[in-house]
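Note that the protein sequences, when read in sequence, are chains A and B.
This note's numbering puts the first residue of the first sequence at 1, with every later residue one more than the last.
This note's numbering puts the first residue of the second sequence at 1, with every later residue one more than the last.
Mixed in with the good hints, there may be bad ones.
[Unchecked claim] Computed from the model, here is a short list of chain A residues facing chain B with C-beta under 7 Å:
| no. | residue |
| --- | --- |
| 1 | Phe-46 |
| 2 | Met-102 |
| 3 | Gly-108 |
[Said to hold, decoys possible] Among the chain B residues that face chain A by a calculated CB cut under 8 Å, a handful are:
| no. | residue |
| --- | --- |
| 4 | Thr-31 |
| 5 | Asp-56 |
| 6 | Ile-103 |
| 7 | Ala-108 |
Derived by calculation from the structure, the hints in this document are not laboratory data.
Think of the CB as a built atom: it goes at the ideal place given N, C-alpha and C, for glycine as much as any other residue.
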Amino acid sequence: AQSVAQPEDQVNVAEGNPLTVKCTYSVSGNPYLFWYVQYPNRGLQFLLKYITGDNLVKGSYGFEAEFNKSQTSFHLKKPSALVSDSALYFCAVRDRQNAGNMLTFGGGTRLMVKP
Amino acid sequence: AAGVIQSPRHLIKEKRETATLKCYPIPRHDTVYWYQQGPGQDPQFLISFYEKMQSDKGSIPDRFSAQQFSDYHSELNMSSLELGDSALYFCASSFDRVGGKNIQYFGAGTRLSVL
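Put together the whole structure using the sequences plus the hints.
Quick look at the structure:
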């Protein structure tokens, strides 16, 4: 079985400060890892993915995430937050060997960036 | 660029009625996924189709059925609707053949309200 944990329901950060949204995962095989962002009344928007290769993955809108196999983590980061980054962020995992193509999502973390 | 199109965007039904949600994937994408997102919850995988054949099945109730047609669009049919079926239903599509990017792109969702 695959699972994702996002330990923080909400993250508050001041504009211009760095942000981190945490994600840990559990899969029996090797993971595909994803971050999606959801704005109010909108669909999920793809930010970035880790499949293989470099542990540091760069994605859309200046976001990046670091895959850490020993800690089974895939934290989302951005060096300088913008007010427009305020949204709901979901981490998702897919076990490439054992669970087909379905994504399992974490519970979501609401990011609030204050001016 | 073309995105995943879902219709209708909003749907209001009464208990025990039926509903049909439609999804038009990104052109040339071969896999369609359905997810259900309850209020304040993360998306839960329902079912997926690859090349018009069911590929994975998640927590889809027996009252629901889905299929993918020859033009690759998909429909989610929901019968005997219950209050608990009120949710945002997302469709996603991906290109999963060898060389595909393994990224699921989501539509804006259909918000179903069961009264």
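Against the structure, the hints:
With its C-beta approaching chain B no nearer than about 6 Å, A/Phe-46 sits inside the 7 Å limit, and its interface hint holds. The restraint placing A/Met-102 at the interface with chain B holds, with a minimum CB-CB distance near 4 Å, inside the 7 Å limit. Because the closest C-beta pair between A/Gly-108 and chain B is about 5 Å apart, less than 7 Å, the hint holds. For B/Thr-31, the interface hint holds, the least distance from its beta-carbon to any beta-carbon of chain A being 6 Å, beneath 8 Å.
With its C-beta approaching chain A no nearer than about 4 Å, B/Asp-56 sits inside the 8 Å limit, and its interface hint holds. This hint holds: B/Ile-103 has a C-beta 6 Å from the nearest C-beta of chain A, less than the 8 Å allowed. Interface restraint check: B/Ala-108 against chain A, minimum CB-CB distance 4 Å, threshold 8 Å, status holds.
Checked against the numbered hints listed earlier, the structure breaks none of them; every hint is satisfied.
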